[in-house]
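Undergrad: Below are the chains, spelled out letter by letter.
Number of protein chains: 4
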Amino acid sequence: MTEKNGKPDENCLEDLQRDLRRFSAVREWDQFHTPKNLAIAVSVESGELLEHFQWLTAEQSANLSADHLAKVRLEIADVLLYLVSLSDKLGVDLVAAAFEKLEINAKKYPVELSKGSAKKYTDL
Amino acid sequence: MTEKNGKPDENCLEDLQRDLRRFSAVREWDQFHTPKNLAIAVSVESGELLEHFQWLTAEQSANLSADHLAKVRLEIADVLLYLVSLSDKLGVDLVAAAFEKLEINAKKYPVELSKGSAKKYTDL
Amino acid sequence: MTEKNGKPDENCLEDLQRDLRRFSAVREWDQFHTPKNLAIAVSVESGELLEHFQWLTAEQSANLSADHLAKVRLEIADVLLYLVSLSDKLGVDLVAAAFEKLEINAKKYPVELSKGSAKKYTDL
Amino acid sequence: MTEKNGKPDENCLEDLQRDLRRFSAVREWDQFHTPKNLAIAVSVESGELLEHFQWLTAEQSANLSADHLAKVRLEIADVLLYLVSLSDKLGVDLVAAAFEKLEINAKKYPVELSKGSAKKYTDL
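Chains as they are written, first to last, in the numbering used here: chain B, 1 to 124; chain A, 1 to 124; chain S, 1 to 124; chain Z, 1 to 124.
You may find that some hints are simply not true.
In this list, chains with the same sequence are indistinguishable; a pair is considered to hold if it fits within one copy or across any two.
Cut-off 27 angstroms, straight-line C-alpha distance, at most; resulting in silico cross-link-like pairs (DSS-like, lysine-lysine) [as the list claims (entries may be wrong)]:
(1) K107 <-> K119
(2) K101 <-> K115
(3) K115 <-> K89
(4) K101 <-> K120
(5) K107 <-> K71
(6) K120 <-> K108
(7) K107 <-> K89
(8) K119 <-> K89
(9) K71 <-> K108
(10) K89 <-> K120
(11) K71 <-> K115
(12) K119 <-> K71
(13) K119 <-> K101
(14) K89 <-> K101
Hints are computed from structural coordinates only; laboratory data are not their basis.
Using the sequences and the hints, build the whole thing.
TA: If you want it as structure tokens, here you go:
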């Protein structure tokens, strides 16, 4: 775990989480925001994000126009917003979970075995 | 934009971003991490997350067992990890984008029109 | 394998496949239709299909309005169109594969173990 | 609409549909197979299909090994199985819908405007 100014940064999304709670509360949307529905929303928004890259070559995807990038940026944001809401409903500390998963991945993909390879860990 | 201890928290994922860069660099995976491929990865991981909720009722999804929640937590983490990597490749400040999108959503969904309704903004 | 009028019906999508080939050929779209891109398209269209059910209860999803159903119907069609194109590019007989997978599923999910249960076969 | 041996081929998936109904009925799975859950299943399976192409180049995706292709084939089959089940629940004639959507697409993408272009119809 990393620290910043003596405070762990795992909870760094708490302001966003708090704003999202308010956003949903004043609109009385919590009735729709079951974990199942929020997981659907994460997936639907990921599809909208992916649509922007659908027919691009790898090179084109690394050289988006300013206009295209602005749209992609907001689709990325949508995925994060629902991911934060889902984590909040489930009581998951999203950033702590990400650091933990990264450590797990480091063990699943030892450098010497996975260097330069796109193989799944089960095939290493 | 919110501030915390005099520092904007938009860059709060920078530690995670830095660790992800190193993780990818030592494995020489940047060759695979085109924005297109990372957008695919976000979508694939979102599907794996959704799979956990596939046959659950809304109620069941809000009452996961500890074992089930532990698995879901790591799937959520996977989505965030690829989302951070994609944002990094594109030069997108992920958290700033999320706050901005939330403001846009607040305008698209005025409280008086959207209260208690799951309608899309285009149908309000 | 089932037969109809002495002809196996596995190739029953061949007319659709032929029309799709022409559609793509006259537009010179084969350059974009790599298997990878078509698999992305299947996933993106599935996301658009799912979006229609995102905030509905199970009951509401079984009682769509005529207008809503008409939209859902065309999203379902989009998924099939890309699935047929992908199968064509890969030389896969889509319907034969589906019958074969159904037989595999029948073995993975024996009636006595899976009756009334939504458990994944790995948990039976 | 095309015809084959004097019979329209739109209903050509009816054998598969009938087998799927039996498969689900004997396992008492209809309770889980709401349209919403089946739409989720289509999306989840599409994600599993896409995972196979995630890190491949366009060229590699067109030259799968026999072993890889066999896996991809069964993932494609899974998407079709759930798509047929969903269509059945909604009373949608899947193949007729696909032919109809193809006609709509032909109008949205006139040959002269879309030839050699991957632009979305809204940008033509």
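Undergrad: Hint by hint, where does the structure go against what was stated? Just the numbers, ascending.
TA: Result: no hint breaks.
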